[in-house]
Amino acid sequence: MKNEKIKFRDRVKDISAGLGDSLKESSLWGSIFRPGSPFRKGYSDSPRNRSYVVMNNVLYHLHPVKVKRHGVRLSYTLCLGGLSFFTFIVLTITGIWLMFYFRPTEMAYVDIQSLQTSIAFGSLVRNMHRWAAHIMVIVVFLHMSRVFYHGAYKAPREFNWVIGVILLLLTLLLSFTGYLLPWDQLAIWAVTVGGNMASYTPVIGAQVKFALFAGLEATEATLLRFYVLHVLFLPFIIVIFMAIHFWRVRKDGGISGPL
Amino acid sequence: MVDIPEHLLIKTAEARAKALGISVEQALAEMKGEAEPTTISKEPEVIDVKPIEVKEAPAPAAEVKEAPAPAAAVKTDIPAEVEFAPETRVTQRLLTVVKAKPIQKPTSEPVDKVNTWPHLMLPEFISLMAMTAFLIFISAILQAPLLEEANPNITPNPAKAPWYFLGLQELLSYWDPQIAGVMIPLIIGVVAFMAIPYIDRNKDNKPSKRKYAIMLWTFFLAGAGTLSLIGILFRGPGWNWTYPWIDGVWFDDLLDWVHFE
Ligand code: HEM
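Chains as they are written, first to last, in my numbering: chain X, 6 to 264; chain D, 76 to 336.
These are computed hints drawn from the structure, not numbers from a lab. Take these hints with a grain of salt, some might be off.
No more than 20 Å apart at the CA atoms, straight line, and that leaves these computed lysine to aspartate or glutamate pairs for EDC-like [stated by the list, open to error]:
1. K188/D / D50/X
2. K159/X / D279/D
3. K278/D / D257/X
4. K256/X / D187/D
5. K188/D / E30/X
6. K73/X / E184/D
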């Protein structure tokens, strides 16, 4: 009896292994997982396959096949640039999810309230979006400091630093426009203070504030304007600048250093 | 002469030692020019090849052409034993050793590289997972603030900007903004930041060679950090100085987890 059970289990194992093999031999599988992929049949860990993993993959747009040994040490970049990018991805995913439940109208505040109380995981996702936004500002700033302390902005990387400053500004603007959206007392007054700081500028101040706020003070027109900037315009621009930033890291000869 | 990294030198020495049958230390010393190079003392290698008798010449091409099925005809016509060895004794001797010198002069130092997969992508994946886990964790325990609905008629006191502008707000509170302006210094500041690589013409990236730059940035960090902390923790109603441990904290971003008031 016991023996039969084991045999049966072995047979199931064999059958499933056979199914896996025939699936991996199918042309569909082969068309998805290109040579070098660890998911292909007969994969072996060789230097050639290690190169193919990157080369035969969309990842080749981001990473070269080989990188400097000192550059992959966690203690060099502290992964701060990468983490800036990851937080941005988390923000994009959670942000799109929040858009399903949010209207940038006089309903905004109510929408946030009901999101927190009556939608599954609503509170969690809102918290994630908000804390990730704060963390992104911090991490981008730390990345900038890491770059400075390494002198990584020196030739030929001068222009990537300039792109970086633009990325920092865009990050701050994204955070600032998002700050208004919950439409509570914290949101409206923080943004009003920010706008007032801008409006004190002689000659252009009042005009800039008027354009940004769609009026003299923060109203629902401002909410709509900030919303469009926050979910569409600024992410669009920042992705373009990130693409240029990453491309230049490679074109400037990879990570700087070693010190 | 370019400095060759130590580990590459040792690799080459090992290969040389293996080829010549000498010790690695010896090979290394020879490569560095500290010892006489070992020469190959063996006699030129002689490979004996048995004389081959060519039995019959292959069929002339003309005949092959005539055959109705050329492929089959060729196959049967050529004797199986034919080997194309023109000489009976083949000798190989070492004529000269050509030193490996590049035709193009290398302009950059040799760099030590590793495969992106797995040496870069694995740590990246792990940090992505760690960060996501961290975010889910703090989002589960820390509630994001949501105050009463926006009301343009009720101004909170103090009204604070988002935290990353609080250092700036603190700085601006020291003089009349009508006079100083805000955006013009801000724009100048941003342009100055962008200009850093063009101002700092020191090519060195060794920390010991750029003490001045490091000092300036550290001052900037300390200043910005101090101003921000003052704006966050030490400013109460009317932007007056308050002590967080006596008067409480006016910082609504942390509303739900700093219970001072
Ligand atoms: C959204 C914001 C940003 C993202 C996603 C980002 C991403 C990255 C990544 C992934 C790298 C590769 C090396 C590393 O991880 O350190 C990098 C390098 C670099 N970044 Fe950024 N960055 C951002 C903002 C900035 C800022 C604000 C600056 C400076 C003002 C900057 C300047 C540079 C420079 C000069 C390098 C080359 C560093 C080197 O070769 O060692 N970046 N960035």
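How the hints compare with the structure:
For the proposed pair K188/D and D50/X, the alpha carbon gap of about 18 Å is at most 20 Å, so the pair holds. For the hint pairing K159/X with D279/D, the CA-to-CA distance comes to about 9 Å; that is within 20 Å, so the pair holds. Taken as a hint, the K278/D and D257/X pair is honoured in the structure, with Cα atoms around 15 Å apart against an allowance of 20 Å. Our distance criterion of 20 Å between C-alpha atoms is met by K256/X and D187/D, whose separation comes to about 18 Å.
Annotation: proposed proximity of K188/D to E30/X is violated, straight-line Cα distance about 34 Å (limit 20 Å). For the hint linking K73/X to E184/D, the alpha-carbon distance of about 12 Å falls within 20 Å, and the restraint holds.
The earlier numbered hint that this structure contradicts is number 5, and it is the only one.
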